[in-house]
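Note that the UniProt record's numbering gives residue 31 to position 31 of the sequence shown, counting from 1, and the numbers run on in steps of one.
In short, the hints are calculated from the structure, not lab data. Don't take each hint at face value.
[Stated by the list, open to error] Simulated restraints, written as ranges between beta carbons of each label pair:
1. Tyr36 / Met1: 25 to 35 Å
2. Val12 / Glu61: 29 to 39 Å
3. Lys62 / Arg2: 26 to 36 Å
Note that beta-carbon positions come from the ideal geometry of N, C-alpha and C, so glycine has one too.
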Amino acid sequence: MRLGVVSDTHAVFDPALERAFRGVDLILHAGDVGHYGGHEAIIQHLQSIAPTLAVRGNVDEKASEALLPEVQLVEDRRGMWQINMSLRRSICQARLQQELSCRRESAKNLAHEDLLSQQ
1 MRLGVVSDTH
11 AVFDPALERA
21 FRGVDLILHA
31 GDVGHYGGHE
41 AIIQHLQSIA
51 PTLAVRGNVD
61 EKASEALLPE
71 VQLVEDRRGM
81 WQINMSLRRS
91 ICQARLQQEL
101 SCRRESAKNL
111 AHEDLLSQQ
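Model the full structure from these sequences, guided by the hints.
Written as structure tokens, this is what we have:
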């Protein structure tokens, strides 16, 4: 599975994302989709490229929980991934353990801070 990962679009769809995500199987948006609005338009643009999962960022509080939940879990052949928006790894790990409390699987954590550290 080829994944495309993005965060901090802040209601602006960059056309470069279409080229960057061409051929991906799934797009993961790690938060700050809109900027006090514009969430649906960004998600629709991304979904026109590939199926998209997104989570709520600190400027996404006006978006519905159905559109932007706090946590998403994704499974592929390599294992399970958690997507969430938190600037503190301890919060991410606690959420992940809570989500997996009934499972025997481990998961990799993809947090907003990981994307910031790669910029």
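Results for each hint:
1. Tyr36 / Met1: 25 to 35 Å: Given range 25 to 35 Å: holds, Cβ gap about 33 Å.
2. Val12 / Glu61: 29 to 39 Å: 18 Å, violated
3. Lys62 / Arg2: 26 to 36 Å: This hint holds: roughly 31 Å between Cβ atoms.
Hint 2 alone, counting from the list given before, is not met by this structure.
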